[in-house]
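Letter by letter, the chains look like this.
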Amino acid sequence: MRRPEILGSIVLAAFLIMAVAPGTFAPQDPYTRFTPYTPPGSDHLLGTNDMGHDILSELIYGSRVSLFVGFASALLATMVGGIVGIVAGYCRGGIEDLLMGFTDIILMLPWIPVIIILAVFLGPGIWIFILIFGAFAWTSIARIIRSKVLQIRESGFVQSARCLGFPTWYIMAEEIGPNLFHIAFPQCMLLVASAMITEASVSFIGLGDPSMKSWGVMLSFAFTKGALINGMWWWYLPPGIAISICVMAFALIGYSREKWVNFEVRE
Amino acid sequence: MHITFYRWSRYFFSLFFTICISFLLPRLMPGDPIANMIGQSAHVSDATIIELRQELGLDLPLPEQFLQYLVNIAHFDLGYSYTLHAPVSSIIMERMALTIPFVGIAIVIGIILGVPLGALAGMSRSKKTSILATYGSIALSSAPPYFLSLIALSILSFNFGLFPLKGVSATAGIIPWIHHLILPIAVLSSCIAARNCLIMRGSVIQETHEHYPLYAKAKGLTERMVLFQHIVKNASLPLITQVALDVGFILSGALFIEIVFSLPGMGMLTYDAVLSRDYPILEGSLLVIAIMVILTNIAADIIYGVIDPRIRWQG
Amino acid sequence: MNRILEVCKLSVSFISGNEVVQAVNNVSFDISQGDIFALVGETGCGKSVIAHAVAGLLPDNTVISGEVNYKGQDLLELSQQDLIALRGQEIGIILQNPSRALNPLYTIGHQIREPVLVHTMKTKDRASRMVTATLRKMGFFDPESEAHRYPFESSGGMNQRFVIATSTILSPDLLIADEPTTGLDHSCIADVIKEFERIKKEEHCAMILITHDLTLARTLADRIGVMYSGEIVEMGECKAVFSDTLHPYTRGLIGGLPENGCTPIPGISPPMSRRFPGCRFHPRCTERMPICGQVHPRLEVNGDRFVRCHLCHSH
Numbered sequence: 001m002r003r004p005e006i007l008g009s010i011v012l013a014a015f016l017i018m019a020v021a022p023g024t025f026a027p028q029d030p031y032t033r034f035t036p037y038t039p040p041g042s043d044h045l046l047g048t049n050d051m052g053h054d055i056l057s058e059l060i061y062g063s064r065v066s067l068f069v070g071f072a073s074a075l076l077a078t079m080v081g082g083i084v085g086i087v088a089g090y091c092r093g094g095i096e097d098l099l100m101g102f103t104d105i106i107l108m109l110p111w112i113p114v115i116i117i118l119a120v121f122l123g124p125g126i127w128i129f130i131l132i133f134g135a136f137a138w139t140s141i142a143r144i145i146r147s148k149v150l151q152i153r154e155s156g157f158v159q160s161a162r163c164l165g166f167p168t169w170y171i172m173a174e175e176i177g178p179n180l181f182h183i184a185f186p187q188c189m190l191l192v193a194s195a196m197i198t199e200a201s202v203s204f205i206g207l208g209d210p211s212m213k214s215w216g217v218m219l220s221f222a223f224t225k226g227a228l229i230n231g232m233w234w235w236y237l238p239p240g241i242a243i244s245i246c247v248m249a250f251a252l253i254g255y256s257r258e259k260w261v262n263f264e265v266r267e
Numbered sequence: 001m002h003i004t005f006y007r008w009s010r011y012f013f014s015l016f017f018t019i020c021i022s023f024l025l026p027r028l029m030p031g032d033p034i035a036n037m038i039g040q041s042a043h044v045s046d047a048t049i050i051e052l053r054q055e056l057g058l059d060l061p062l063p064e065q066f067l068q069y070l071v072n073i074a075h076f077d078l079g080y081s082y083t084l085h086a087p088v089s090s091i092i093m094e095r096m097a098l099t100i101p102f103v104g105i106a107i108v109i110g111i112i113l114g115v116p117l118g119a120l121a122g123m124s125r126s127k128k129t130s131i132l133a134t135y136g137s138i139a140l141s142s143a144p145p146y147f148l149s150l151i152a153l154s155i156l157s158f159n160f161g162l163f164p165l166k167g168v169s170a171t172a173g174i175i176p177w178i179h180h181l182i183l184p185i186a187v188l189s190s191c192i193a194a195r196n197c198l199i200m201r202g203s204v205i206q207e208t209h210e211h212y213p214l215y216a217k218a219k220g221l222t223e224r225m226v227l228f229q230h231i232v233k234n235a236s237l238p239l240i241t242q243v244a245l246d247v248g249f250i251l252s253g254a255l256f257i258e259i260v261f262s263l264p265g266m267g268m269l270t271y272d273a274v275l276s277r278d279y280p281i282l283e284g285s286l287l288v289i290a291i292m293v294i295l296t297n298i299a300a301d302i303i304y305g306v307i308d309p310r311i312r313w314q315g
Numbered sequence: 001m002n003r004i005l006e007v008c009k010l011s012v013s014f015i016s017g018n019e020v021v022q023a024v025n026n027v028s029f030d031i032s033q034g035d036i037f038a039l040v041g042e043t044g045c046g047k048s049v050i051a052h053a054v055a056g057l058l059p060d061n062t063v064i065s066g067e068v069n070y071k072g073q074d075l076l077e078l079s080q081q082d083l084i085a086l087r088g089q090e091i092g093i094i095l096q097n098p099s100r101a102l103n104p105l106y107t108i109g110h111q112i113r114e115p116v117l118v119h120t121m122k123t124k125d126r127a128s129r130m131v132t133a134t135l136r137k138m139g140f141f142d143p144e145s146e147a148h149r150y151p152f153e154s155s156g157g158m159n160q161r162f163v164i165a166t167s168t169i170l171s172p173d174l175l176i177a178d179e180p181t182t183g184l185d186h187s188c189i190a191d192v193i194k195e196f197e198r199i200k201k202e203e204h205c206a207m208i209l210i211t212h213d214l215t216l217a218r219t220l221a222d223r224i225g226v227m228y229s230g231e232i233v234e235m236g237e238c239k240a241v242f243s244d245t246l247h248p249y250t251r252g253l254i255g256g257l258p259e260n261g262c263t264p265i266p267g268i269s270p271p272m273s274r275r276f277p278g279c280r281f282h283p284r285c286t287e288r289m290p291i292c293g294q295v296h297p298r299l300e301v302n303g304d305r306f307v308r309c310h311l312c313h314s315h
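Residue numbers (the numbering used here), protein chains in the order written: chain A, 1 to 267; chain B, 1 to 315; chain C, 1 to 315.
Calculated from the structure, these hints are not laboratory results. Note that the structure is predicted; figures quoted are calculated from it, not measured. Each residue gets a CB set at the ideal place from its N, CA and C atoms; glycine is no exception. Don't take every hint at face value.
Pairwise CB distance ranges, derived in the manner of DEER restraints [stated by the list, open to error]: (1) S147(A) - T43(C): 27 to 37 Å; (2) V108(B) - I95(A): 37 to 47 Å; (3) P27(A) - F16(B): 50 to 60 Å; (4) I182(B) - R129(C): 47 to 57 Å; (5) S126(B) - G72(C): 27 to 37 Å; (6) E300(C) - C163(A): 50 to 60 Å; (7) A74(B) - P178(A): 45 to 55 Å; (8) A86(B) - P210(A): 28 to 38 Å.
On the chain A side, residues computed to face chain B include the following (Cβ under 7 Å) [claimed, not checked]: (9) D104; (10) I105; (11) P113; (12) I117; (13) V120; (14) I197; (15) A200; (16) F204; (17) L228; (18) Y236; (19) G240; (20) S244; (21) V247.
Some residues of chain B that are not near chain A, with every Cβ distance over 12 Å (derived) [claimed, not checked]: (22) T4; (23) S45; (24) E55; (25) L56; (26) L60; (27) Q65; (28) L67; (29) Y80; (30) M96; (31) I105; (32) L162; (33) I240; (34) L245; (35) Y304; (36) R310; (37) I311.
Take the sequences, apply the hints, and build the full model.
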């Protein structure tokens, strides 16, 4: 593994542990009320917000929501993109033209406004976000997977499997699938990064699920309740920094697997 | 011929798809379509609602409604906002007057900064400055743009008072307008520059494996000339495609930045529309943003053709 | 005759990771004005590396020792700036794979006139006229329209002639041609040969011809050097080497020609990173003696003939 990948993995592991067992790390219950607007100090390491909630505890519990939304949306998008890419690359012909044409169309749709509108109509909720992200963000994966499938379907072992008379679905699942993993994985990591930024953005305009406080929802509350105007930096900085660091961890893992980024600078 | 046809049909279907989404959403969503069409917090009398139901043809079968919808769009009629009491198209036009220059200037600055930086970073990979540029770009593109805006606003405006905290009015003169826009443009263009830098860096690295840079060097061109007269031109081809596809993303990012800086552009319009559940405005915005993305992609195709003779000849 | 280039004890090694690959080992040769010196050998024997070393085009991770004296100055000691001034003007270089050596996004004319613009104070207009004149001299009927074409519109053979035009437009004193016919079909090779014969007759430049095509070397070269695994194993007058072959490897190469029945040399070249005692060729040699596996043979000099083989040891 390369250095950036190790760094990203360590940071990510830390966030994951926090998300799995927030209770062991959070100093307080995130819904207990203390004195509102307390600046950071010995009682509350990161201070409290307008409701008197401990911000550090909110942050730790928020990691669970943010990471879950990020992973779930990216996984869904990867699955859709993977299926489209494999089918298009393997079947060729009319099906390929149709699928890739459709991919090109979806690629151009501005999906953040679509998510906003749907969230307005259906009410805020993480599942709607996950579904819509999965429905729109799969295009890049589909294109990459398709070109890889085109490449390996002509290779010797796939040809021989076909000659031996294995059914198409079997070849796709058993022979091509594993070869695609190392391509899909970095893309999936980058999608998690993109999903987390998008979730934070959509939450920021008040379309986040208020019952499940993600980092984006925390930022949104801080902004609308005047943390900036009143100079309460401890309220809006922690969730924003948490999002940025977490997204960067995913980006480092994703990019370091990409050939073009070429992290190996020391030749 | 085939390629051209494919491209145009792609744009056509993209537009058609968006129109379908914005047509079907209010009609398929739970609740009374008429409420979905005018928005929840608008105060409209019962008599008007009955009148509207007739006018919008909501009792007609869906295909006929769709036809009517298409005709309306062709006449730039995107509906009426009962919250703002004005036609949607004229409201959006007014707000676009801020958003388009804002985004346009930021994209231009983002390209001017990001492309040479990425090119140099890709050419001399082991230099300290190149490594710094790469990691800096990854860090910058990892933060949500609106969070960067919050930080910039709190440091430069709140603590040092260099820039105004509140938004600009549309009627203000040119000087206050510039003064208000410097910070948002700086934030958006650095986000765009970071992404362009990464794309350009990767693209340059791929081009250096080609043979023509070596031959250009053999002709007596300096390293810098090889980079800027040869490699950058070839490496910018993937960048053009990517920037065009990113425009939807950039525009969305710009909306959130506008909200933080309270600039009266499309972002604030969307934000207010979300808060007041003003559906006509939201749908109109979606449609306009989609059209802008399609237009930029058409422009990118044209620029690509101008740069790459291989595409031009196929046309 | 006037000596243009003297290469003395040139060694080149590449460092990648912990591995050191010795690509060229202690190679010496010289070329006089108007002479064509051919370096022949199988792919990967290090002959192209010599071409790149002379032109100073090797990447940064190489270790070069020895001397490359061009008209009395050591090119290896020259500053980048002085080297750039020589490349393309006094030293012309032709790389293999012409279609990739040309930038796909610029017209032929633009790429041919580049060395003129870089090295002389001529205006674009006068440089373009020079391009037309050069192309006409090369036998193109309509040089102006040729100059407006793009590399992808021409065949590989045409492109190679354009590359030759680019490299000779400033009448260099030394021309380095690295595999100029590789990948071209027969009629194109004939064109390229005609071109080199014309250059030899009209321009009087010294030329290093690097090729694995013995027939091409025999047709064009005055002197020939045979390389195997980074070393020169036989060198001398072209006619003498072909009529009175001394080294078993050269005999093997000549035996591999179509007119001699295409008998290949058994085995493959050892990897450059592998060092072993004795002659580099002994594992594949049909005339192997016990000493060949123990002692590395010296390069024996006999007048103008050089050979590195225990069979030919002066007794």
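Quick rundown of the hints versus the structure:
1. S147(A) - T43(C): 27 to 37 Å: holds, 30 Å
2. V108(B) - I95(A): 37 to 47 Å: holds, 41 Å
3. P27(A) - F16(B): 50 to 60 Å: holds, 54 Å
4. I182(B) - R129(C): 47 to 57 Å: holds, 50 Å
5. S126(B) - G72(C): 27 to 37 Å: The hint (27 to 37 Å, Cβ to Cβ) holds, given that S126(B) and G72(C) are roughly 35 Å apart.
6. E300(C) - C163(A): 50 to 60 Å: Holds, at about 57 Å.
7. A74(B) - P178(A): 45 to 55 Å: Roughly 51 Å apart at Cβ, these two residues keep to the hinted range, so it holds.
8. A86(B) - P210(A): 28 to 38 Å: holds, 31 Å
9. D104: D104(A) check passes; min Cβ-Cβ to chain B is 5 Å, inside 7 Å.
10. I105: It holds, given that the least Cβ distance between I105(A) and chain B is near 5 Å, below 7 Å.
11. P113: Hint on P113(A): holds, closest Cβ of chain B at ~4 Å, below 7 Å.
12. I117: Because about 5 Å separates I117(A) from the closest Cβ in chain B, which is inside the 7 Å limit, the hint holds.
13. V120: holds, 6 Å
14. I197: holds, 5 Å
15. A200: This hint holds: A200(A) lies near chain B, its Cβ roughly 5 Å from the closest one there, short of 7 Å.
16. F204: Where the cut-off is 7 Å and the nearest Cβ of chain B is about 6 Å from F204(A), the hint holds.
17. L228: holds, 6 Å
18. Y236: holds, 6 Å
19. G240: At about 4 Å, which falls below the 7 Å cut-off, the nearest Cβ of chain B leaves the hint on G240(A) intact, so it holds.
20. S244: holds, 4 Å
21. V247: Hint on V247(A): holds, closest Cβ of chain B at ~4 Å, below 7 Å.
22. T4: holds, 14 Å
23. S45: holds, 24 Å
24. E55: The claim stands: E55(B) keeps its Cβ more than 12 Å from every Cβ of chain A (closest is about 22 Å).
25. L56: Given a closest Cβ separation of 17 Å, the condition holds.
26. L60: holds, 22 Å
27. Q65: At about 18 Å from chain A, Q65(B) clears the 12 Å cut-off, so the statement holds.
28. L67: holds, 22 Å
29. Y80: holds, 18 Å
30. M96: holds, 14 Å
31. I105: Non-interface label on I105(B) holds, nearest chain A Cβ at 20 Å vs cutoff 12 Å.
32. L162: holds, 16 Å
33. I240: holds, 15 Å
34. L245: For L245(B), whose nearest Cβ neighbour in chain A is about 6 Å away, the distance does not exceed 12 Å, so it is violated.
35. Y304: The assertion about Y304(B) holds, with a minimum of 15 Å to chain A.
36. R310: The claim stands: R310(B) keeps its Cβ more than 12 Å from every Cβ of chain A (closest is about 19 Å).
37. I311: The assertion about I311(B) holds, with a minimum of 16 Å to chain A.
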